[in-house]
Structure formats: C-alpha cells, structure tokens
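Please model the entire structure based on the sequences and the hints provided.
2 protein chains.
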Amino acid sequence: MSDEIEQKHQRKMARLKEVVDARIDQAQEERGVLIALKGNGKGKSSSAFGTMARALGHRQKCGVVQFIKGRIETGEQLFFGQHPGVDFHVMGTGFTWETQNRAQDIEAAEKAWAIADRMLQDPSYQLLVFDEITYLFKYKYLDVNRVVASLQKRPPHMNVIITGRTLAREIAEIADTISVVQDEKHAFRAGVKAQPGIEW
Amino acid sequence: MSDEIEQKHQRKMARLKEVVDARIDQAQEERGVLIALKGNGKGKSSSAFGTMARALGHRQKCGVVQFIKGRIETGEQLFFGQHPGVDFHVMGTGFTWETQNRAQDIEAAEKAWAIADRMLQDPSYQLLVFDEITYLFKYKYLDVNRVVASLQKRPPHMNVIITGRTLAREIAEIADTISVVQDEKHAFRAGVKAQPGIEW
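Heads up: the protein sequence lines correspond to chains A and B, in order.
Residue numbering for the first sequence follows my numbering, starting at 1 and increasing by one per position.
Residue numbering for the second sequence follows my numbering, starting at 1 and increasing by one per position.
It is possible that part of the hints are untrue.
Claimed, not checked - No farther apart than 25 Å at their CA atoms in a straight line, the calculated lysine-lysine pairs in the DSS-like style are these:
hint, chain 1, residue 1, chain 2, residue 2
1, A, K17, B, K153
2, B, K12, A, K17
3, A, K138, B, K17
4, A, K185, B, K138
5, B, K153, B, K111
6, B, K193, A, K153
7, B, K8, A, K69
8, B, K140, B, K153
9, A, K138, A, K69
10, B, K111, A, K69
11, B, K185, A, K153
12, B, K61, A, K193
13, B, K193, B, K69
Quick caveat, the hints were computed from the structure, so don't treat them as lab data.
Right under this line is the structure:
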C-alpha cells in the first residue's frame, strides 16, 4: 500500500475521531436507563441477557423476571439461575395458546409482577430484565400504567431492560433507548428445526 | 370475568395453538445455522452474547473473536473470559479512528481471522461469535470471500453468529437468520453518558 493511501486514511480517521469525541463530550448525564427491545425479529431476549452478562462482568447485581414460561427449561435459566449475582424468576405459566386459561394466566402475571415490583424498589440491583413483559400488556393481563409508575419511581442508578414483540405506547414514551429488532430472514422458515442454545 | 369471555379466549387460543404447532411440525431439518445481526441500533453484540449464555446453559462449547477492541476491558470479556466453556479472543487493535493506522489494523485483522478460521475447522465448538467482523469488510481489512468459504466448509452442527452495523451482501446470501436492529431512540442522544454494564 502506498504512503498516499496510508496518509489519506489517517486524515479521514482523524476527522472521524473528532466527531466521535465531540459526541461523547456532549453526553455527560450519569443515571440509569430504561431500554426497550421490540419487533418481530430474533434477538430481543438474548440481547437483554447479553447485556446482563456484561453487567455481571462489572460485578453488578442483576434481577430477571421472565414473564413467559416455555415448556422446556431454557439455557438462560440454566446458565444465570446458578449465578450468585442474579436473582432469576420465571413466571408460573406459559404461552396463552398453551394454557388457554385466561384467569390462570392473569393470576400468574400478578405474581410475576409482584416480584418485579419489589425488585424495582430495591436499590441493591443495578440491572433488571423484564423479559417478554410487553406480551402481558397486549393480552391485558397487567395494567401498563402500574408498571410505568413503578419504573418512574425506581432508584435513579437502576438500569431496566424490557423485551417483547409489541411495545406499549406508555412504555415507549418513558424509555431512554428503543431498539427495533426486525426479521429479515429466519432459519425456521427455511425448515430448520428450533434447537437448544439458539431458540431456548 | 364472565364465562363467555373465558370461553371466547379459550377458543381463540386453541386456534392459535393449531397454527403454532403446524408451523413447528414443518421445520424438522437439524443443522447449525448462521445468524447475522446488523443495523444501527443498540443490542447486536449483546444479543450474540446472550445467545452464548443460552448455549453455555446447555453445556455447549463456545468460541468468541471480538474484531474490535475498545479502550476499556469490556464486561463481556470479564464475564465470559473466565468461563471454562468459552475461548474468548479480542483483536489486538481498536477502532480505526482511534488507531489511525491502516497497516497495523490490517495486520491485527489477519491475526484475529486466523484464530476465527481455526475455530471454524474445529468440530468441538457448537457456537462461534464473530463480533463486529462486518466492520472489517467495510474497511477492506479482510476479504469477505475467504470468510464465506470458511463458513461454508464448517462442521454441519456448528452455529455461528456474526454482528456489525453493515452486513456484506456475500454474508447475507449464506445467512440462515438475519435480524436488523434499528435505532428508534437512544439515551446517548438525550445526553446520558455511556456506562459500564450497558455500553461495555
């Protein structure tokens, strides 16, 4: 590679560094954030759990409530459920189309929310993950306004991640970061079977 | 709640179950998949690491190559770097706008790819994560066709996750699953400082 290309690259990257550094200088407020992951693509819950791994790397205390229980014990539960830095809770009932029992689902939702709500009031947690909670708003198993009120009263340092296909407008309004995970292609549609370590 | 509502819910959910079960029956091919996470939103790398936590929960052997090294040791490296089930490698150089040295970056990219390529030939791995590899294609630090050839020759059971803002067309063509993570809102733009456990 010629010196000219090398120098051109260096000048371009120096300019980029100025832009990046200026942006970093502008963001100086220190507080916990509410992150929402929504959309029909694969990777929302796994993103929340990856962020939790990151937090655990920095020795932050974490809490999880999974608002949907599948038929099989998940890899994330097997993995994080044993970790001393994580309080891991799984709701007592499964997908509505599996249980087909609305009253039972509402009762389980209330119990799961009671645990989540207690965590939101406990300043020892640095990160909470409410996995698939948005599903409960969609089916009206849980009142979104109660959840919003508790989120707003949480300790200022606390980070919270919420996942689910559809995000309630009330949550979107108070979220600091929203990422939309869109399905562009999925192995399942090409006939590949769901597998441990990927889907659960 | 009246019985009528309860029965209506039950009928609706029974129909949904039929649809879900039929879809599951149609996907029976068992093999490893290539998953790509792209887009400008937050959550791509964390999604890959969350999937890895899931795989580790099922006692699968995992390998990671992070193709971008930041200035600070990341939470994911601190967390997974100690785990006996993970081989964790971080490339020897950082963002191009930090290093501003093209020749040095290319050399580091080659070294990182050599590690990744060896992992792709080793059937003891069940899941590999190539974090931010697409960045190397964008800057032409690594030939995408070499990477495609190695991905196609990998053991059939092996799952691979690739992350990065922009995905090369050649990788998109052979990917089984592609999720696009889009930035709808970001705390950084509202002035909130990047923090350990969330950004790194």
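25 Å limit on alpha-carbon distance, applied to hinted pair K140(B) and K153(B): Between K140(B) and K153(B) the Cα gap is close to 22 Å, so the pair holds against 25 Å.
CA of K185(B) to CA of K153(A), is that 25 Å or under? Satisfied, since the Cα-Cα distance of roughly 21 Å is no more than 25 Å.
Taking 25 Å as the top limit, are the C-alpha atoms of K17(A) and K153(B) close enough? Not OK: K17(A) and K153(B) at ~38 Å, beyond 25 Å, violated.
Do the alpha carbons of K138(A) and K69(A) lie within 25 Å of each other, as the hint requires? holds (16 Å)
Is it true that the CA of K12(B) sits at most 25 Å from the CA of K17(A)? Since the Cα atoms of K12(B) and K17(A) sit roughly 55 Å apart, the hinted pair is violated (cutoff 25 Å).
Below or equal to 25 Å on CA atoms is what counts here, so check K111(B) against K69(A). violated (43 Å)
Run the distance test for K193(B) versus K69(B): straight-line Cα separation, threshold 25 Å. holds (20 Å)
Can the restraint linking K61(B) and K193(A) be considered satisfied, given a maximum Cα separation of 25 Å? Status holds; Cα separation ~20 Å.
Agreement of K138(A) and K17(B) with the hint, judged by alpha carbon distance not exceeding 25 Å: holds (17 Å)
Is K193(B) within 25 Å of K153(A), Cα to Cα? holds (21 Å)
Hint consistency between K8(B) and K69(A) [alpha-carbon to alpha-carbon, up to 25 Å]: Satisfied, since the Cα-Cα distance of roughly 23 Å is no more than 25 Å.
Against the 25 Å threshold, does the CA-CA distance of K185(A) and K138(B) hold or violate the hint? holds (22 Å)
When each numbered hint is compared with the structure, violations occur for hints 1, 2 and 10.
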